[in-house]
Amino acid sequence: MGRHAAWLRLLRNLPRKLPFPKGTLRLAVAACIAASGIGAPVLAQSQTIKIGYLNGPLSKEKISLIDIPAPNDGLAGAQLAIDDNNTTGSFIGQRFELIESKIDEDADPAPAVKALADQGVAFIAANLPANQLLQAADAGKASGEILINAGAPDERLREQDCRANVIHVAPTRYMLADALAQYLVLRKWRNWFLVSGSHDGDKAFADALRHAARRFGAKIVAEKEFKDTGGARRTDSGLAEVQRQMIDLTQGTSDYDILVAADESEVFAGYLPYRTWIPRPVAGSAGLVPTTWDAAFDQWGALQLQNRFKKKYRRFMTPLDMQLWTAVRIVGEAAAHTNSADGTKLFAYIKSPDFSVAAFKGQKLTLRDWNLQLRQPILLFDGRNTVSISPQEGFLHQSSELDTLGLDRPETKCKLQ
Amino acid sequence: MIGTGAFKYFGLTVAALAAMTAPSLAYTAYVSNEKGNSVSVVDTDTLKTIATIKTGERPRGIEVSRDGKFVFVATGDDNTIQIIDTATRKVAGDLPSGPDPEQFALDPAGQFLYVANEDDAAVTVIDVAARKAVAKIPVGVEPEGIAISPDGKTVICTSETTSMAHFIDTTDRKVVANVLVGSRPRSAAFKPDGSELWITSEVGGGLSIVDPATRKITKTVRFAIPGLRAEKIQPVGINITRDGKLGFIHLGPSNRIAVVDGTTHEVLKYLLVGQRVWHGAFTPDGKYLLAANGLSNDVSVIDVASLKVIKSIQVGELPWGVAMGPK
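Protein sequences appear in the order of chains X and C. One gets the working numbering by counting positions in the first sequence from 1 and adding 72 to each. One gets the working numbering by counting positions in the second sequence from 1 and adding 371 to each.
Rather than coming from a laboratory, the hints here were simulated on the basis of the structure. Hints may be right or wrong, so weigh each one.
List time: in silico EDC-like cross-link candidates among lysine to aspartate or glutamate, alpha-carbon distance up to 16 Å [said to hold, decoys possible]:
| no. | chain 1 | residue 1 | chain 2 | residue 2 |
| --- | --- | --- | --- | --- |
| 1 | C | 603 | X | 473 |
| 2 | C | 406 | X | 370 |
| 3 | X | 384 | C | 490 |
| 4 | X | 382 | C | 490 |
| 5 | C | 425 | C | 465 |
| 6 | C | 406 | C | 448 |
| 7 | X | 383 | C | 490 |
| 8 | X | 382 | C | 465 |
| 9 | C | 440 | C | 416 |
| 10 | X | 384 | C | 491 |
| 11 | X | 383 | C | 465 |
| 12 | C | 603 | X | 465 |
All chains, full assembly: derive it from the sequences and hints.
Laid out in structure tokens, this is it:
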């Protein structure tokens, strides 16, 4: 606008005698202004959208060496999504930035949330345990922060402890258990031997599996708990011990079709395949595992994402990477469709019925309006290949088959304020 | 003049004339089999597969040269576009397509080939005669669909993850405009008279009608099939008749092709075909539309006049698309 005014001033202040009529000059100036685009409708001027990534330490306690997470597990997924958002953004004048914020285990996330808010961050993708996530959400409420939960599977975060400023991309334990149960029931492997760990997360997953069994018609014919008595996972000659332990653990039950293990803490389940007393497959926390992503998944264009990821980060993409990718892409999609960088506008669009995100799952993913949980298919992975994808054929639903996974609208305790 | 990508929409006057005076000329359809690493050769007179040509890895996009002498097939995992000699039915060479080519199109003059490099966020321009890549144009994330305007001045490229259709000026070889469409746009096609640009959104589920002059969406066509989940309706391929009166939209895992009125854009009919129908091509006389059904390993033959599916022809594994040539 300043340049336009300057040209007009110049025109007005021209000397009286010109070698050509003033009208010609005015025409020429107008042409210059038109050509330079001043006064013409302007596309979104360069907008910057800053997205936060709030995370705690990654757990290195894994049974298999292969499962020990890379230092950038999760972060890489978020960074790739920022790149993808920026490629789109380059065509519409939008720029995305990721601001990572690491906090300690059990630390109060409020100062970190405030620091992000001060930098103009509206959306904070988070990989935090439930308690810290709720603290972060509550700390950010006043400044309009919106958390995107990309890590915590706890049901209560979507039920009695739901928050109006939290979007959930991570699946719930019930969604994972239901995904597995549908496949097992479809295959008529209905008699389950449930072995649960002794930590809270393990028990919560065991509850989810019991719920899934009731819901889909499987029967838990035997149950045991594996008490974690401590001890190292990495030992030099421990295999012999483990072999004996697993035989002891699984001996003496009635017959069953499949052993379903609830071991979120990764204490014993990884040792179960091929070590059960009677020869039976294992599922749940080991064997056939329900998950949002696996490095072998190549359906629905997923190969393209896997290739992009591997080329940049030189390792396989994990479920946590995918959950963070999806979280950051949600913001990107909203920004592209609203042509805005304003957090309130973006969140309103995300909550609207028009919103969906494409995440290589063969159908558009939308949010459950009652608790802002992302509906999604769940993969069943055997450690090497994707075996199946739930929801399974034949499990019907009146509005979305994806809602056969996890707690549904009529069952919810969530009332978003 | 016979059989090119743009040819899908134009048809062939010579063949039409011949068809009026003599029994219909048989045309040859070439079907790319993504998993089978082959191209099936189908005789459109007998409606049978008569030969199978071995190709490189993961053949998908397929077109026939203007003179009908060659079939171009994009072998994605080999990062090249193979040239098949239609007389010998053997691979005779390749074009430097850039990495992971899937869809591509030949310009009306048959001089340049524009290919979308999915892994690279770019469109590569190939001089066909020189067999050289002459330009690389950056576009959005995961480009796939390519279409060339009938006047040859604009190339459209759709980016699946960016969900945009990019307008590329063929002289400057630059992106001059972009339009945001529904999620995961797979294919683009111009009406033969250049008055409309159609774009399918696989995940968004709709068909966007774009005015090529204003470069804005004028309408979004939605599909609904009684008793079928909306999520299963995933529009991919587009085939518009030479006279622009009918458009056939291949709806993926819904196993149907929607027949869309070229003027009103109303859905007239759904044709039940095989499983996961993605791409097809008209015979040069416009009599039949052949559509590739990826998951049932066959090609459906649609009689365009009666809008009926008259036959299924067994082809190779995971057929992706069809291109037409003279016998």
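Now for the hints, and whether the structure bears them out:
1. Restraint check: the Cα-Cα separation between residue 603 (chain C) and residue 473 (chain X) comes to about 11 Å, which is no more than 16 Å; the hinted pair holds.
2. Restraint check for residue 406 (chain C) and residue 370 (chain X): the C-alpha separation of about 13 Å stays at or below 16 Å, so the hint holds.
3. Taken as a hint, the residue 384 (chain X) and residue 490 (chain C) pair is honoured in the structure, with Cα atoms around 12 Å apart against an allowance of 16 Å.
4. A threshold of 16 Å between alpha carbons decides the hint, and for residue 382 (chain X) with residue 490 (chain C) the separation of about 11 Å falls inside it, so the pair holds.
5. As the CA atoms of residue 425 (chain C) and residue 465 (chain C) are separated by approximately 14 Å, the hinted pair is consistent with the 16 Å bound.
6. Taking the CA atoms of residue 406 (chain C) and residue 448 (chain C), the gap is about 11 Å. The hint holds against a cut of 16 Å.
7. Using a Cα cut-off of 16 Å, the hinted pair residue 383 (chain X) and residue 490 (chain C) holds, with the two alpha carbons roughly 10 Å apart.
8. Using a Cα cut-off of 16 Å, the hinted pair residue 382 (chain X) and residue 465 (chain C) is violated, with the two alpha carbons roughly 27 Å apart.
9. Distance restraint check for residue 440 (chain C) and residue 416 (chain C): the Cα-Cα separation of roughly 19 Å exceeds the 16 Å cut-off, and the hinted pair is therefore not satisfied.
10. For the proposed pair residue 384 (chain X) and residue 491 (chain C), the alpha carbon gap of about 12 Å is at most 16 Å, so the pair holds.
11. About 25 Å separates the Cα atoms of residue 383 (chain X) and residue 465 (chain C), which puts this hinted pair outside 16 Å; it is violated.
12. Of the pairs offered as hints, the one joining residue 603 (chain C) and residue 465 (chain X) holds, with about 13 Å between alpha carbons and a cut-off of 16 Å not exceeded.
Going down the numbered hints, you'll see the structure goes against 8, 9 and 11, while the others check out.
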